[in-house]
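Please arrange chain C with the ligands on chain L, whose structure you already have, making use of the hints.
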Amino acid sequence: MSFEALRALVQGWAGAGLLPAGLTHGFLVNALLSGLVIGPVLGGLGTLVVTKRLAFFSEAVGHAALTGVAIGILVGEPYTGPYASLFGYCLLFALLVNYTRNRSNLTADTLIGVFLSVSLALGASLLLILASRVNIHILENVLFGSVLTVDDRDLTVLLAVATGVTALMLPLFNRLLLASFNPALARVRGVPVKGLDYLFIVLVTVVTVASVKIIGAILVGALLVIPAAAARVVASSLRGFFLLSVAFASVAAVAGILLPVQLALPVPSGGAIILAAGLLFLGALLARLFMKGDEG
Amino acid sequence: MTGRGIHGPAILFDRVDLTLGRTAILEGVSLHVAAGTVHAVVGPNGGGKSSLIRALLGQAPHRGIIRLDWPGDGPGTVAYVPQSVEFDRGLPLTVEDFLAVLCQRRPAFLGPDRRMGYGEALARVGMAGKERRRFGALSGGERQRVLLAQALIPAPDLIVLDEPMTALDEAGIAIFDSLLADLAAAGTTVLWVEHDLAQVRRLATRVTGLNKHVLFDGHPLEMLSPERVFDLFSSVPRRAATERIAS
Ligand SMILES: Nc1ncnc2c1ncn2[C@@H]1O[C@H](COP(=O)(O)OP(=O)(O)O)[C@@H](O)[C@H]1O
Ligand SMILES: [Mg+2]
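So the protein lines, in turn, are chains L and C.
For the first sequence, full-length UniProt numbering assigns the number 1 to the initial residue and increments by one for each residue that follows.
For the second sequence, full-length UniProt numbering assigns the number 1 to the initial residue and increments by one for each residue that follows.
None of these hints come from the bench; they were simulated from the model.
All of these numbers come straight from a predicted model, not from anything done at the bench.
Any given hint might turn out to be false.
[Claimed, not checked] Partial list, computed: chain L residues near chain C (C-beta under 10 Å): (1) ARG153; (2) VAL165; (3) ALA167; (4) LEU168; (5) LEU172; (6) VAL188; (7) SER237; (8) LEU238; (9) GLY240.
[What the hints assert, rightly or not] Now the stretches of chain C that chain L is said to cover, found in silico as 3 or more residues with beta-carbon under 8 Å: (10) 71-81; (11) 86-92.
Cβ atoms here follow ideal geometry from the backbone N, Cα and C, with glycine treated the same way.
The following block holds chain L by itself, in its conformation from the complex:
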């Protein structure tokens, strides 16, 4: 089914009052579709990000997207989706961080701090140079995400990336996890630890880049971290951890996209999504406090 047909269907249901009225707008249907894709994938991948202590890394890759956009505009890619520069720069950034981490005696957070700062400085400088050329709203969208600008090309990129990432993440889930428990034991069990390390970095990066449109460069990393963190707080098994993280991320994504439109609030989608995720996290913390209280 084409996006067109799907959109018409949803708009029809919204018109008939079966779905929120906002969904009579085509752009919102697009945004909602991307939210329904982003949520589960980021939520699922997030459990690995949190377990492998890559939270700061995923934030940094999101921020690198800012620089990627600047480079894209500089080299003349379309403002609305400079994907070649985005993917190119962010992958370069991520692989460079990982490569250097394996070869320096610095801890990951220090190293990421260095790379992040330099990358942001580069991005900010480029954007100021380009300031005369670009509409400031474009910057706003890049930084904080927008539901207005998700077109069919963005949806296609997102769907392709999400499908690829899911197809790799699910069968490799155990091995990705095992590699971080004990690399020696993982290798004995046939896990190519180094290779999977790089693969995971690439998965996080491409999913992050594909989600920039809707969540924005500043906040995209947070949807890999907050839902998983919230799930971790309340879960008592791996199953609970994974399923709750997927659920939290999906709820946050959908709520963050629909609520501002429903309530006519001038909030960017990225901000609303992460605020929703933050509320879920708070709820999880409170729930844990109560559970602890019951135990005595």
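Frame of chain L, contents of chain C with the ligands only:
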């Protein structure tokens, strides 16, 4: 498993050198582990025992030859019990989840694969009924038992143990005894790094003393006599040390 005869490999270390950075960790280590025996490696802390294991598992760059001679057509199953696993203790991961992550292909969050026999392996290490306990909340000894349990899935032909008894209590030691006896009876080759010499005297078929070089190699009862043990664990010459203690 029992009655298959010896199905573990023999292992040959021939003039193995291992240098990390500029430090020589192992120098000219030659050692033969007979198939289907319980071969212990003892030595002081930092003597290179764990490094020898890493080299055997193909995870440390070394010179010299390390060869596994498998009795059958091809390589069998190698199991490894590390000294410890380092990870976030607060992770929502049950004992069963942990085994699932190690042993099965199906994503562990979909639940344990019942065909893998996790419950049975846990029962063999005295952890029956603790499948749902949080792995991070286990005591050191319990974690060590789970690490032993994972090495039993699938049934190993060669099992490499790195100080598996450190945190075990009396009951744990008894379980380890019978596990080792089972493995030996089944013809599994056991390479066992251990610092508790009394246990080695009791349970090993053969013992090698290692401190960068091979210090001795032979039958545990002959090799682990009191003076040898003193030499092994003392970096100062024996006479000097004895005098210092006497004065
Ligand atoms: N990655 C490394 N780089 C440099 N030296 C190391 C490294 N790993 C271990 N060593 C050194 O190698 C020596 C042997 O270590 P190890 O094999 O763990 O000893 P054992 O297991 O016998 O206590 C120690 O002195 C240790 O400091
Ligand atoms: Mg050691």
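Broken hints, numbered, in rising order?
1, 2, 3 and 4
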